[in-house]
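**Student:** Below are the chains, spelled out letter by letter.
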Amino acid sequence: MAAAARPGPGVDELALLEKLLGLPKGNKYGVQGERKVPVLQTNNGPGLTGFMTIAAHLVKQAKKDQLLGSTAEEKAVVQQWLEYRVTRVDGGSSKEDTRIILKDLNIYLEDKVYLAGNIFTLADILMYYGLHHVMVDLTVQEKEKYLNVSRWFNHIQHYPGVRQHLSNVIFIKNRLYTNAH
Amino acid sequence: MRLRVAAGGPAALKVVAAAGAAAAPVRLVWGGPLERPLAPLISPWVPALELDSGTVLFSPNAICQFFFLARGEEPTDLTNQWLEWDATELQPAAAAALYTQLVHGKKGLEAVEALGKLLAHIEQNLSRRGTAYLAGDTKSVADVVVWGTLFPVLQDQTSLPSELQALRTWFQSMTLLEVCRKAADSVLTPKALLEFKSYLQKQPPPSLAMERATSNEPEEEEGSEHVLTEEEITAAADAWARGAAVLPKPWQPQKPVLPVEGMRNILITSALPYVNNVPHLGNIIGCVLSADTFARYCRLRNWNTLYVCGTDEYGTATETKAVEEGLTPQEICNKYNAIHADIYRWFNISFDYFGRTTTPYQTMIAQDIFQRLLARGFLLEDTVEQLQCEDCQRFLADRFVEGTCPFCSYEEARGDQCDKCGKLINAVELKNPQCKLCRGVPVVKPTKHLFLDLPKLEEQLEPWLEQSWATGNWTANARYITRSWIRDGLKPRCITRDLKWGTPVPLDGFRDKVFYVWFDAPIGYLSITANYTDQWERWWKNPQQVELYNFMAKDNVPFHSVIFPCSLLGADDNYTLVNHLIATEYLNYEDGKFSKSRGVGVFGDMAKDTGIPADIWRFYLLYLRPEGQDSAFSWSDLMVKNNSELLNNLGNFINRAGMFVCKFFGGTVPNMVLTPEDKRLLARVTLELHQYHQLLEKVRIRDALRCILSISRHGNQYIQVNEPWKRIKGDEKDRQRAGTVTGVAVNMASMLAVMLQPYMPSVSLAIQGQLCIPLDCFILSHDFTCTLPPGHRVGTVSPLFQKLENDQIEALRKRFGGGQPEDLAVEPQAKQSPPASELPPAPATLVAPSDPQLIQELTEEVAKQGNHVRQLKANKAEKTQVDTEVAKLLELKKQLALAEGKTPEVPASKGKRKK
Chain F
1 MAAAARPGPG VDELALLEKL LGLPKGNKYG VQGERKVPVL QTNNGPGLTG
51 FMTIAAHLVK QAKKDQLLGS TAEEKAVVQQ WLEYRVTRVD GGSSKEDTRI
101 ILKDLNIYLE DKVYLAGNIF TLADILMYYG LHHVMVDLTV QEKEKYLNVS
151 RWFNHIQHYP GVRQHLSNVI FIKNRLYTNA H
Chain E
1 MRLRVAAGGP AALKVVAAAG AAAAPVRLVW GGPLERPLAP LISPWVPALE
51 LDSGTVLFSP NAICQFFFLA RGEEPTDLTN QWLEWDATEL QPAAAAALYT
101 QLVHGKKGLE AVEALGKLLA HIEQNLSRRG TAYLAGDTKS VADVVVWGTL
151 FPVLQDQTSL PSELQALRTW FQSMTLLEVC RKAADSVLTP KALLEFKSYL
201 QKQPPPSLAM ERATSNEPEE EEGSEHVLTE EEITAAADAW ARGAAVLPKP
251 WQPQKPVLPV EGMRNILITS ALPYVNNVPH LGNIIGCVLS ADTFARYCRL
301 RNWNTLYVCG TDEYGTATET KAVEEGLTPQ EICNKYNAIH ADIYRWFNIS
351 FDYFGRTTTP YQTMIAQDIF QRLLARGFLL EDTVEQLQCE DCQRFLADRF
401 VEGTCPFCSY EEARGDQCDK CGKLINAVEL KNPQCKLCRG VPVVKPTKHL
451 FLDLPKLEEQ LEPWLEQSWA TGNWTANARY ITRSWIRDGL KPRCITRDLK
501 WGTPVPLDGF RDKVFYVWFD APIGYLSITA NYTDQWERWW KNPQQVELYN
551 FMAKDNVPFH SVIFPCSLLG ADDNYTLVNH LIATEYLNYE DGKFSKSRGV
601 GVFGDMAKDT GIPADIWRFY LLYLRPEGQD SAFSWSDLMV KNNSELLNNL
651 GNFINRAGMF VCKFFGGTVP NMVLTPEDKR LLARVTLELH QYHQLLEKVR
701 IRDALRCILS ISRHGNQYIQ VNEPWKRIKG DEKDRQRAGT VTGVAVNMAS
751 MLAVMLQPYM PSVSLAIQGQ LCIPLDCFIL SHDFTCTLPP GHRVGTVSPL
801 FQKLENDQIE ALRKRFGGGQ PEDLAVEPQA KQSPPASELP PAPATLVAPS
851 DPQLIQELTE EVAKQGNHVR QLKANKAEKT QVDTEVAKLL ELKKQLALAE
901 GKTPEVPASK GKRKK
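Just so you know, the sequences run in chain order F and E. Heads up: the first sequence runs through residues 1 to 181, numbered per the UniProt record's numbering. Heads up: the second sequence runs through residues 1 to 915, numbered per the UniProt record's numbering.
Since the hints were derived computationally from the structure, they do not count as laboratory data. Treat the hints with care, as some may be off.
Said to hold, decoys possible - Listed below are the simulated DSS-like cross-link pairs for lysine-lysine, each with C-alpha atoms no more than 30 Å apart in a straight line:
#1 F:Lys63 to E:Lys117
#2 E:Lys500 to E:Lys420
#3 E:Lys139 to F:Lys60
#4 E:Lys117 to F:Lys28
What the hints assert, rightly or not - Reference listing, derived: stretches of chain E covered by chain F, where coverage requires no fewer than 3 residues with Cβ under 8 Å from a Cβ of chain F:
#5 50-60
#6 640-652
We put the CB at the ideal spot given by N, CA and C, even for glycine.
My request is simple: use the sequences and hints to build the entire structure.
**Tutor:** Here it is, written out as C-alpha cells:
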C-alpha cells in the first residue's frame, strides 16, 4: 500500500505564523497521535488541538481578526480553505493527489486575487506554507500550466513578512510554452 | 442563496440540519449526484451552497459554519477544534464505516468498531466537561456537524456501546431535534440510499491514514496499487465458479498453417540473422526470442499464428567468409545455417518454419518484384565509379578491397568502413587500395547500377505509414527512426551489386550483377514462407485477413519501415505490409558490448555449455528485454534474479501449492469454501491477468512478465498469512480452511503454468506434468477460473528451479570475458593465435566441470598471477622476465579452463584479431 501519510502540518509553520503576526515567543506546543497533530499548551485545561484551530487562535491573540475574514461569507470561505489545506493538501501524498490539488486551485483562482476573493487572509498564508514544498519542485512548464496558482503564489511569497526563511520560488514572466495546456 | 444537495449522500445531512437549526433563508435544490461537480472538483455527492455573491461553498462544515455565522454565532476555539477534528479524524473513519455497512453489509456494532477510539474521544470530552453539548451548555455548529457525520453510520443510539453513556445521551437528544429528524427523513430516503450504495460499490473503499500506517501489507515498490471495487470482486468470484468448462477449446491449426476466414490471422517474422556469424544473446533477445514469446502467446489466445524465420545468406560478408575459411559460399551457408538452427532449437524457439534465403523461391519472388518495379517505372539507372581488380576480373564491392583510411591513415581500412576511426568510407577514396583476394592494385572504372526511386514512392509510403501507425502497435523507437529517415529526405537507393553470391539481376546489361542484400533480404520472409507452403500468397498477398508483426533490433528499422514497404508498394500486387513493427533497443554485456572478435560475451552456441537451462536464459533475457531503453546483461544479476524471482518467488509458490495437495490431501484437490478474503485474492489475480493481456497485446513482453511474478507473490503471501500447514492440524473448521487455501493456491499455480508458457515453455510443461493440468486448460482467457476442481488428482511434485551459486557465476563471468583486467595481460601473446572466427565451434561434448573448490583455487591463482604480470609491466621489468611470468599465467588459465570443462583455446582467442 501507499507509504504512510506525511506528518500533518507542524509546529514549525505555527512558529512562522507567530513571527508573521508579531506575537512574542512563549507559546508551548506538543504533538499528538500518529499524524502528529499540534497541540497548544494552555494554562487552564487540556490545551487546543489542531492546526487550523491553533492558527485561528493565534490570529485572534494578535488582534488581527481581519485575517479570518470580515463578513460571514468571508469567514466561511477562509474556514473552507483552511479545511482544504489540512485535509487535502496535507492528506495527499501521491503525485496524482498533488496534480488534482493544483488543478482545483488553478480553476478556483482564475478570477480571484486571494483565496477569499479580494482580501488577504489566513487561508493564503497557510496555503502558501502548505504548498511551498510542491511549488519548489515544479518545472517551468508546470508552473505555466498552473498559471493562476503561480500568479497567486508569487504574490503571497512577496507579501511582507510571509516568506521568512523559506526559499524564493522563481517564476518566469514570459510564457514559454504557449501551446501547452 | 441556493443549497444544492444530493439526497443519499451522507454529507447532505448536516447541511440540511444546520440550515434548519440556524433558520437560514435558503432555497433547497434536491438532486442526485452532480454531473459536473462545481469547481473545485471534490465529489459529485458533496453539497454546494451558492451564495448570492456568486461564491460557492463546497465544504459541508464550512456551509454549516456559514449558516451559524449568518445569524450571528461566531466560532470559538472550541467549535473550531470540533470542526477540525470532524474534518480530519471523524469524517474519514465514518466514510470507511459506512462503506463496510452499505457495501460489505456489516451491521451494528461490527461497523461501529472502527469508530471506537473516536467515539471514546467524544464521550471523554462530554463527561469531563460535564456539559450537555459539545462546546458548552447550548447547541452550537459543532453539535450539528459531528451529529451529521455520525448519524448515517449509527442511525440511532442503540448501536452505541452502552458504556458510552454521555455520548448516548447527547446523540439521542440531537436525533430527537425536529430539524435533525426532518433532515434525516428527507436526505436518507430508501431510494436515495440505494443510489448512494450503487455509487459506493464502484468506488474503492476509503482508506484511513491511521490504518495505513499500521498495515501489515508489505509496501509495494511502485506507489499505491489499484484498489479493488466490489464489482470486480463479485465478477472474479463468478468467473471462478464457472470452472474450466467455460474456457474455449484450444485450437489446433491444420499443417501447414494457413489464414482462416473469420479468425485473427497473425503472421510473425523475426529479422533474418546473417549467416556468417554465431548470434549472441543480444541478437537472440532482439529478434527470435521476442518473436517466439509473442507467437506462443498468440497461439494460447487461439489466434491462428504463423511464425517464420531463416538465415540471410547472400552478400559480400558470406563471400569473404568463404575465402577466409577456404570453403564455397554455399558450404559456408550450409554450415552456419545448421549452427543457427541448432542454437534456436536449444532455446526452444517455436518457429513454424526456419528456412534460408538461398533457395529457388527467393530468386523467383525477388525477380518478380524487381520486374514489377521495373514495369511501373520505379527503377532508375545510373553510373557509379567503382574499383575493379583487373586480375580477378571483378568489381571490388565493399569488403573486397582494403587500403589506407583517408581520414586517419589506418592501413587496414576496409572498402566500406575504417575499423580504427569508425568512419564510413567510399571505396574509391581509399589510399593505396588493394584487392583483398590477389593483393593486386585495382583501378577506378565506371559501372552501371539500378536504383529504387524512393522519392517517387514516397507519396504512396506516407499515407500507408499514417494508416499503419494509427491502427498498429509500432514501438516508439520504430516510429522515431522512421520519421527521421523521411524527414531527412528519401534518395534513390542502389539495389544492385557487383558480386556473384546473390540473386541474379534478370535484365540485359546487368546479368553479371546481383541484388544488394537489403533489397533481397526482406524478400526472404516471403520466400521462406513459400518453402513452407506453396500457398504462401495466402499469407503475403492478403492484407485484408492477415496481421503482420515484424520483430527486430532498432538498427533494422529503416529497411522494414521504409525501403521494403516501398518495394512492395511499388510492385503493387496486394502485398501484406507490416502492421506492427516491434523494435528493441540494444542489450549490452556487463559494462560493454558483445564482441565476437574479442571473445567478450555469451554467444548462442555457448549458452548451453554453461549448464544453465535454456528456460533460465529465456527468463532472464526476457526479464531484461531492452524494451524502451538499452539494458545490460550481468552475471551477478542473472544469479540474483534466478535465486530471488524464480527460486524463492515463483518456484517456491508453485512447489508449495503442489506439495500441500500431496502431503495434506493425499494428492487430491480438496473442497473449497471461499471467504471474502479469498474472493479478493481472486479479483487481485484477475486484475494481474488483465494487465498481462493488455501488455502482451501491445507486445510489452518484459512488463507482462512482471504480472506473472506479481501473482506468485500474492500467492506466497496468501499461503503465509493462512498457514495451511498449521490449520490442517486444527479442528474441522481449520481443516476446511486449510483445504480452501490449498485448493485456491494450486489453481493459481495451474494458471501460472499457462501464463508462463510463452516465457518458459519447458518449466510450463513440467508444472503441467506435476499438477496433471488437463491439456484443454492450456488456453488464455480473461478469467481466472477453477481448472483443478475438488477431486482432481495431481502427480508427483518436485522443485522447478535450482539455486545458482556465487562460485559458479564468478567462474562463468571469467570464462566469458567482459573486461576482466587479466585479459589485457595476455594480449601480446594472444595475437599469435588464430582469429576467433576460425576456431571450430565449441565441441558439443565437454569435460564435465570438476569440483568447485579446484576452480575457486585456480581462479584465485589466475587473478594473483595477473596482478603480478601487470605490476611487472608497470615497473618496466625486463622483457624476458615478463614473458616467463606471462607464460605461467597462460598455463594457469589453461588449467582453469580445463577444470571448468571447456576448451582451453578460448582464453587465447580473447586477443585482437590480426590480419
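**Student:** Run every hint past the structure and note whether it holds.
**Tutor:** We went through each hint and held it up to the structure:
1. F:Lys63 to E:Lys117: violated, 36 Å
2. E:Lys500 to E:Lys420: Given pair E:Lys500, E:Lys420 holds - Cα atoms ~29 Å apart, limit 30 Å.
3. E:Lys139 to F:Lys60: Holds: E:Lys139 and F:Lys60 sit about 23 Å apart, inside 30 Å.
4. E:Lys117 to F:Lys28: Holds, at roughly 26 Å.
5. 50-60: This one holds; 6 residues, not fewer than the three required, reach chain F with a Cβ under 8 Å.
6. 640-652: violated (count 0)
Going through the hint list in order, the structure does not satisfy hints 1 and 6.
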